[in-house]
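Read top to bottom, the protein sequences are chains A and B. Going by our numbering, the first residue of the first sequence is number 3, and it counts up by one from there. Going by our numbering, the first residue of the second sequence is number 25, and it counts up by one from there.
Where hints are given, some of them may not hold.
[Unchecked claim] Here are the computed lysine to aspartate or glutamate pairs in the EDC-like style, where the Cα-Cα straight-line distance is at most 20 Å: (1) K198/A with E36/B; (2) K212/A with E152/A; (3) K198/A with D288/B; (4) K83/A with D111/A; (5) K212/A with E291/B; (6) K198/A with E37/B; (7) K39/A with D53/A; (8) K212/A with E36/B; (9) K83/A with D44/A.
Just so you know, the hints here were simulated from the structure itself, not pulled from any lab data.
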Amino acid sequence: MPSGPTHPPGESVQDHVAPGSSPTARRPGLPPAVLEKVRERDPAALAAFFDRYFDQVYATAHRLLGERAAAEDVTQEVFYKVHRAAHQLDPARDPAPWLAAITYNACRDLWRTAEHRLAKKSGSIEDDPALAGRLTSGVNDPERDLLADERRRLVQDAVNRLPEPLRTSVVLFEYGGMNHQEIAELIGVNHAAARKRYSRALALLATMLKETLG
Amino acid sequence: MIDDDFQPLPEEEERRIGALVRDLPPPAADPAFRAHARQRFLSGRSRAEPAKVLALPMPPRHRVQAFAWAAAAAVLVVTSVAVLNRGPAWQVTSVQGDGIAVVNQVPIPLGHTADLAAALRPGARLRVPEGTMVEISAPGALIIQLMNGADMILPATPARWFGRHVTAELARGELRIHTGEPFVGANLMVRTPEADVRVTGTTLAVICEPHGTCVCVFEGAVRVDDRHAEPADVPEGRRRFVFNDGRIPETDEIRPVEREMLRDLIEREPGR
Numbered sequence: 003m004p005s006g007p008t009h010p011p012g013e014s015v016q017d018h019v020a021p022g023s024s025p026t027a028r029r030p031g032l033p034p035a036v037l038e039k040v041r042e043r044d045p046a047a048l049a050a051f052f053d054r055y056f057d058q059v060y061a062t063a064h065r066l067l068g069e070r071a072a073a074e075d076v077t078q079e080v081f082y083k084v085h086r087a088a089h090q091l092d093p094a095r096d097p098a099p100w101l102a103a104i105t106y107n108a109c110r111d112l113w114r115t116a117e118h119r120l121a122k123k124s125g126s127i128e129d130d131p132a133l134a135g136r137l138t139s140g141v142n143d144p145e146r147d148l149l150a151d152e153r154r155r156l157v158q159d160a161v162n163r164l165p166e167p168l169r170t171s172v173v174l175f176e177y178g179g180m181n182h183q184e185i186a187e188l189i190g191v192n193h194a195a196a197r198k199r200y201s202r203a204l205a206l207l208a209t210m211l212k213e214t215l216g
Numbered sequence: 025m026i027d028d029d030f031q032p033l034p035e036e037e038e039r040r041i042g043a044l045v046r047d048l049p050p051p052a053a054d055p056a057f058r059a060h061a062r063q064r065f066l067s068g069r070s071r072a073e074p075a076k077v078l079a080l081p082m083p084p085r086h087r088v089q090a091f092a093w094a095a096a097a098a099v100l101v102v103t104s105v106a107v108l109n110r111g112p113a114w115q116v117t118s119v120q121g122d123g124i125a126v127v128n129q130v131p132i133p134l135g136h137t138a139d140l141a142a143a144l145r146p147g148a149r150l151r152v153p154e155g156t157m158v159e160i161s162a163p164g165a166l167i168i169q170l171m172n173g174a175d176m177i178l179p180a181t182p183a184r185w186f187g188r189h190v191t192a193e194l195a196r197g198e199l200r201i202h203t204g205e206p207f208v209g210a211n212l213m214v215r216t217p218e219a220d221v222r223v224t225g226t227t228l229a230v231i232c233e234p235h236g237t238c239v240c241v242f243e244g245a246v247r248v249d250d251r252h253a254e255p256a257d258v259p260e261g262r263r264r265f266v267f268n269d270g271r272i273p274e275t276d277e278i279r280p281v282e283r284e285m286l287r288d289l290i291e292r293e294p295g296r
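Isolated chain A (complex conformation) (with noise of 0.2 Å):
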């Protein structure tokens, strides 16, 4: 398995445990012999490593992406990448933090394209003025603001509206498994800035959510 991110010594639980409140997140592991046999690329092992880990990786680069067409190709990415690696795998220790990361990476890749930059520049909020009155102005419906359904949409919104560094932080963190400490040393800040980032990112969710939801 490559490095993957550890907790640093000396440091709050409460920093470096993610909420893992998120159906994801909760899902027990494989267990270490299932990914000893990964390592081998035993068939039914890698079966059930994907039907295992599938929801989790699509679900976050869906969501660091916004989008299902490239979250799909950032997935098959990543599955690609992990039978490759398969042997380095650690049966040790959750593969999901690792998964996360090659994700994340996949993700960035892709930003990092001219084709993402461009079709980005159509995504801001400024250009979805309907969105953008529902979350900002004074307007508030509170019949719809009941519906859970509608308020789950306005926050996935939300996070998707978000700059991409601080959504990455959401991402990670809420759906990834991960702590502050690995999202740091995978995007390459240290813990004080990552956590900073996640801050920000919540605070901002409640600037745009702040006149719709309340």
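Place chain B on chain A using the hints.
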């Protein structure tokens, strides 16, 4: 991203916003994509493979040129043969009476024989007025007289070497037909509402009457098919009447008046 002026949310508010985010359901993948990705992962082919372009070997340039020349020569030969094989155009060799013929719904005075001849294409519908006669011919091969309000779809003139089986349709009126020496080997089918008349070299009349079709043979032999029984050969000097009400066809001597009219026709040289 470090902002010294940034004021984080209160801890409780941060937890509330975090909970809202965590409450989002995970995006669901398309089952078809999932199955596809799973299959590729298990086979070790997770990355989309670039499409393989099969390059066909290009033939040598001189072979391409030779093929092009051969194709062009073949087209030239086929075109030349088709042109040379084509039968002569219909000519209007005689007109009796005054009136207006109609060719493909275009009225043409009978006196304008050049205009009339120019309009006589294979497949054209020609209608002549009552009490008039229009004689058309394929020079040397075939004379057809249209009389008594004949309404006919013209056949092609028999070609030189192949394509010598031609078909005409007579809806009403009378035709008198005489074939010449060049017609030998050709075949003219005249279809009326009641019968198919096969002409292979003869002089005859095909007359559409109110109760059926009468085929009068002055010379040679004609096969008449009434489409309900076995075709019958009508010998020289006989006529066969095919009824349009299902009665059995009748065969008899041709009438004297018809004999005289056909005698007049046979004395004409085809194409004159």
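Hints versus structure:
Taking the CA atoms of K198/A and E36/B, the gap is near 16 Å; set against the 20 Å cutoff, the hint holds. Of the pairs offered as hints, the one joining K212/A and E152/A holds, with about 15 Å between alpha carbons and a cut-off of 20 Å not exceeded. With a C-alpha separation of about 117 Å, the suggested pairing of K198/A with D288/B is violated against the 20 Å cut-off. Proposed proximity of K83/A and D111/A is supported: the alpha carbons are some 14 Å apart, at most 20 Å.
About 111 Å separates the Cα atoms of K212/A and E291/B, which puts this hinted pair outside 20 Å; it is violated. At most 20 Å may separate the alpha-carbon atoms for a hinted pair to count; K198/A and E37/B meet this at roughly 15 Å. In summary, the hint linking K39/A to D53/A is supported, as the alpha carbons are separated by about 15 Å, within the 20 Å threshold. For the suggested pair K212/A and E36/B, the alpha carbons sit about 15 Å apart, so the restraint of at most 20 Å is met.
Among the hinted pairs, K83/A with D44/A is consistent with the structure: their alpha-carbon atoms are about 16 Å apart, no more than 20 Å.
Hints 3 and 5, counting from the list given before, are not met by this structure.
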